[in-house]
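Enquirer: Below are the chains, spelled out letter by letter.
2 protein chains.
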Amino acid sequence: MTPVTYDNESTGKFNFINLNTGEKEIPFGEYLFQRILDCGTKSVFGVPGDFNLPLLEYLYEPQLLEQGLRWIGNCNELNAAYAADGYSRYSNKIGCLITTYGVGELSAMNGIAGAFAENTKVLHIVGVARSTDSRCKDFKNRNLHHLVPQLKDSNFLGPNHKIYYEMVKDKICCSAEYLEDIHDACNQVDKVITDIYKYSKPGYIFVPADFVNMTVPTTNLLKKPTFTMENCIVSNNEQDIINITNTILDMLYQSNTPAIIGDVLTDRYSGKELINRLINETHIWNFASVNGKSIIDETNQTYMGLYNGEEGPTAVKERFLQCDLILNFGVDINEINQGHYSFSYKPGCKLIELHPTYIRFSTPDNGKEQIFKGINFIHILKSIVESIDVGQLTYQYPISVKPFCTEELNFKHDSNSEIITQTLIQNKFIDYLNPGDVVVCETGSVQFAMRDLVLPNQVKYISQGFFLSIGMALPAALGVGIAMQDFPRSHISNNCESAISESYTPRLILLEGDGAAQMTIQELTSMIRFNVPIEIMLWNNNGYTIERAILGPTRTYNDVMQWDWTKLLEAFGDFGKKETKSCTLETPIQLIEKMAQLKNGQKDKMIELIEVKLQTLDYPKQLRHMVESAKVKSAGLFNK
Amino acid sequence: MTPVTYDNESTGKFNFINLNTGEKEIPFGEYLFQRILDCGTKSVFGVPGDFNLPLLEYLYEPQLLEQGLRWIGNCNELNAAYAADGYSRYSNKIGCLITTYGVGELSAMNGIAGAFAENTKVLHIVGVARSTDSRCKDFKNRNLHHLVPQLKDSNFLGPNHKIYYEMVKDKICCSAEYLEDIHDACNQVDKVITDIYKYSKPGYIFVPADFVNMTVPTTNLLKKPTFTMENCIVSNNEQDIINITNTILDMLYQSNTPAIIGDVLTDRYSGKELINRLINETHIWNFASVNGKSIIDETNQTYMGLYNGEEGPTAVKERFLQCDLILNFGVDINEINQGHYSFSYKPGCKLIELHPTYIRFSTPDNGKEQIFKGINFIHILKSIVESIDVGQLTYQYPISVKPFCTEELNFKHDSNSEIITQTLIQNKFIDYLNPGDVVVCETGSVQFAMRDLVLPNQVKYISQGFFLSIGMALPAALGVGIAMQDFPRSHISNNCESAISESYTPRLILLEGDGAAQMTIQELTSMIRFNVPIEIMLWNNNGYTIERAILGPTRTYNDVMQWDWTKLLEAFGDFGKKETKSCTLETPIQLIEKMAQLKNGQKDKMIELIEVKLQTLDYPKQLRHMVESAKVKSAGLFNK
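Residue numbers (the UniProt record's numbering), protein chains in the order written: chain H, 1 to 640; chain G, 1 to 640.
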């Protein structure tokens, strides 16, 4: 990379007073990081580059460092985006990354698109050309490295400095501001942050390299000192909220077998505590969703399983079909989350879908519906919790039905088997966890194995269940680990019936596949660098087994190289094996023993990487089931 | 990743006859790969994914395999794009990669943008949703995984299936076709390929998963059996070519001190052989450019150095300023290639810029110019070579001026030094090369050290000199190595005065930095997997030294983790160290000895990785020079 010409002098102090207005001013670079801190975010991910260096200089301002600001340098920009996404998924705050013009921001794009598809709050700051250059009509000041030239007449026309901004705006972000006038810059920053909370989607700020040292007023900092979900989604339709709440309460009071689904947006809009309180106080039957797994505490006394229509266990579907009223909180509708649209309902069942932008009442039987737009469900959820009269609830749930338990999945594991199978993992995995642990699960075959397992109390489960970009989980786990450092135990509720002992340090566990791991493997080094304690279960099934389940089970295109996984952490910087330990497990007894040790805290080193050998064509039955049902759906289309 | 439902039955034979037309038909998947082969391309890079699996099945058709088709599976899609770019840079054919919808194609985007900025011929095939799904208005068939939903009303509106296509079209490719009607598909494929040759830029084909098994006529295959640069840029203005050629020849005959610059597009449009023939037959003084380095054989008797205005060596500038006529073949104008627009000319000098879309005659002194548009310079170059009358050339070059040689760079190396320095590298590097070797150089500080060195006869030098995306070179070197397998010695000209012995196998040498290497390191495994012989010089200067030269020389944001580089190849699959060897060098004598051994073919293993320890703040003087001159240019703008 080549220079955009900055001075590297020491920065001095920032006590500028604007002589015209008498206002205190600070450099824009400081303003930007202050705003990140004002969101509650402390760690910023990214990679340095020619156009963001002047901004990165502000990372070292004492007044920002005092507030906990720190830089987490990643190996590459895609990994940085994944890590920022993970940071947000754990903390529910904004995950931030900084990249440079073109080469950096484009590399991160798939991570941002994933955050968009999965409703994660990510702020992507891109250092771009000086405003003097992008405003200038002179070819010589416009035609910069990292910038794609025009297709035609590129030797005469300067490039479009906003071309990368135009690629992402209105497509993979909820808000994008390319700063062009320093006088608007503060408001633009605040707008993007507010939009990120409002939509729970990624936003972009494109920062010209010459803006960071210019001074800006501190007015906004005084006017709105912090950004929270609450102050970014303020409601101005109180009466509608009361009316809708009352309607829902009436329906609940009349229902014999109501049920709650805790879907993904419940967590994204900070409704996890509320929904669990509602469940614990009312004992309404409740179901998880694929994308919302672990929002509802699965050990509650009326947890009925993860509902995914025809693609989930029959035992769960049978319970769901007994419900006459469904409240689907934070609903997000897509082919994965809705089991390829195979949800079915009890005849006459009423369905209420609660979403950040609408509340929808319908009767699936006859298609009748009523939609109230412009209301964020989180206000309704809060209002329900505050005003529900438990005495008026009169359930007639069948007494024969018990809460869903993992045993019902009926995994038939051959206890004499000498090999480790997906079935064995499904049988033993829950035992491996302690209440309060955090699990990050890679896209792949094991992800399907995890779906239906009933998680222990207050376990947080993080997985990219819809966008399904393999390789995401490893850097995301770094981001989760960094967030666990910044906000220890923040996923644990004190209001929960069975609290997690203060003395217990929640573990971070990454479930990773071999093919996926090869995509982003270098980010292991950042776990060592930034002291992230983690247990990595590397399920090695010799390639892209999830693709083998779909097509080409023995094709070479589904193969990857065999690696010596146990040598990686040493190569990636743990020279004397001081901080890490790696091993390979091949038999059930080895896996069961290792799991028991780790569960009991018998962990020698900060990082343990456990390679677990699996059979190449061993798919979990949930994956097989989904592939088969999807094939039936499109029978005849693909008879090659 | 989850399924898009294909059958995985065996494929059978493809002798379809359309009963209506009597024409032979073949499956579209076969057609597409046949067209790739028809470009001369044999190896295809990429990563499997749900939406490209049915296409990948056609990789195994015997009639395609017979023609040399093979799949090079990469660790991730960005690496695949870089590798395809490298494949094209070496072979001057189309580098092809296949990715899947969204997650795959977006990850590759930075690689494609780089190919666009640097005029490389890359074909990016993206497997997308079935046409039946993208045409369907039903939400349930539209709302697929890997696809970003709409920002608003995403639970009601299906996503835009062409959203990723819209992101790249007219921005980072010269041609993009999203196939929607199987009847147009063959022509669309042919159009993209033709455009790639015509513009020497990347193109995209978006292939619906259900198209690959549909049959298409073979008409196009018969009508145009091959794609070559020549048949894609056919000229229809013969008289203009003759007129312009004659004008140029007249100017050459009148010139006392003419000069040729061999710029990057000369190679991209297959003009390397022609320009060297012109030089060898006429002995016109000649200069390389940054982006066109190694196009002109630098051992020719009138090579005068790499001209980069004020950012190159004074000795080269002095020669350049003696020339009264400059023919700049294949010119590409940008801040790097033009030394931040610091080119200067002898008073009264005439400048002829020859470009794929125009020929420009100008007098830099007074700004007078005449432009002829719509003519590809390669036709002019060919015409000049064919019609020049050497007897009419009457040079008056100063006899005192000798061809440029590396010694003139005057690297003052302290021979007693115990540490390896950039200066030492510049002093010793040329000796390390043999004629005919291939060097791939990473973006970074060493790239600046390489610029001015006079390369041995027929060495091919490959580097991303303008877009400057760090991490590109390692996967690009994989692509180069694969291309060297597909087209052995194709960079070596038999017409050259000093031919390379048939018995010599050209070496592939990668010059890599530590910070850059960490970005894309996993692709080392593919070098082992696909048996790519390579020597990797890993210049370890403890982080992003090129950025330290610009700003933050001691800042932590420019740090990376220290790795044990010598353990990587074993971890990445060379279990018994059968194919690879790694070492660390710390002293000048070690480096000089190792270079001498490798030069002489004393290489034990297929792959050698040599970690060379450098000082953190040791910049080559060319980098220091450029940073300083760029800082002068913008003095006062960045006084933080």
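Calculated from the structure, these hints are not laboratory results.
Where a beta carbon is used, it is the ideal one built from N, C-alpha and C, also for glycine.
Accuracy of the hints is not assured; some may be wrong.
As the list claims (entries may be wrong) - Here chain H is said to cover these stretches of chain G; the calculated rule only asks that three of the stretch's residues, wherever they fall, bring their Cβ under 8 Å from a Cβ of chain H:
1) 171-182
2) 402-415
3) 542-555
4) 571-584
5) 610-617
Unchecked claim - Mimicking PhoX-like on lysine-lysine, the simulated pairs with C-alpha atoms at most 20 Å apart in a straight line are:
6) Lys577/G x Lys594/G
7) Lys171/G x Lys162/H
8) Lys191/G x Lys152/H
9) Lys567/G x Lys613/G
10) Lys613/G x Lys152/H
11) Lys169/G x Lys169/H
12) Lys162/G x Lys171/H
Enquirer: Against this structure, judge whether each hint is valid.
Expert: Taking the hints in turn, this is what the structure says about them:
1. Coverage of the segment 171-182 of chain G by chain H holds. Counting CB-CB distances below 8 Å, 3 residues qualify, and the rule asks for three or more.
2. With 0 residues having a Cβ less than 8 Å from any Cβ of chain H, the segment 402-415 of chain G misses the three-residue criterion, and the hint is violated.
3. Closer than 8 Å: that is the beta-carbon criterion, and the segment 542-555 of chain G has 9 residues meeting it against chain H, so the requirement of 3 holds.
4. Residues of the segment 571-584 of chain G lying with their CB closer than 8 Å to a CB of chain H number 4, which satisfies the three-residue condition for coverage.
5. Under a criterion of three residues with beta carbons nearer than 8 Å to beta carbons of chain H, the stated coverage of the segment 610-617 of chain G fails, only 0 such residues being counted.
6. In summary, the hint linking Lys577/G to Lys594/G is supported, as the alpha carbons are separated by about 19 Å, within the 20 Å threshold.
7. A C-alpha spacing of about 11 Å is found between Lys171/G and Lys162/H, which places the hinted pair at or below 20 Å, so the restraint holds.
8. A distance of roughly 18 Å separates the Cα atoms of Lys191/G and Lys152/H; the hinted pair therefore holds under the 20 Å criterion.
9. Annotation: proposed proximity of Lys567/G to Lys613/G holds, straight-line Cα distance about 16 Å (limit 20 Å).
10. Simply put, Lys613/G and Lys152/H have alpha-carbon atoms about 44 Å apart, too far for the 20 Å limit, and the pair is violated.
11. Among the hinted pairs, Lys169/G with Lys169/H is consistent with the structure: their alpha-carbon atoms are about 15 Å apart, no more than 20 Å.
12. Proximity of Lys162/G to Lys171/H is assessed by CA-CA distance (about 11 Å); at most 20 Å being required, the pair is judged to hold.
The structure does not agree with the numbered hints 2, 5, 10 stated previously, though it agrees with the rest.
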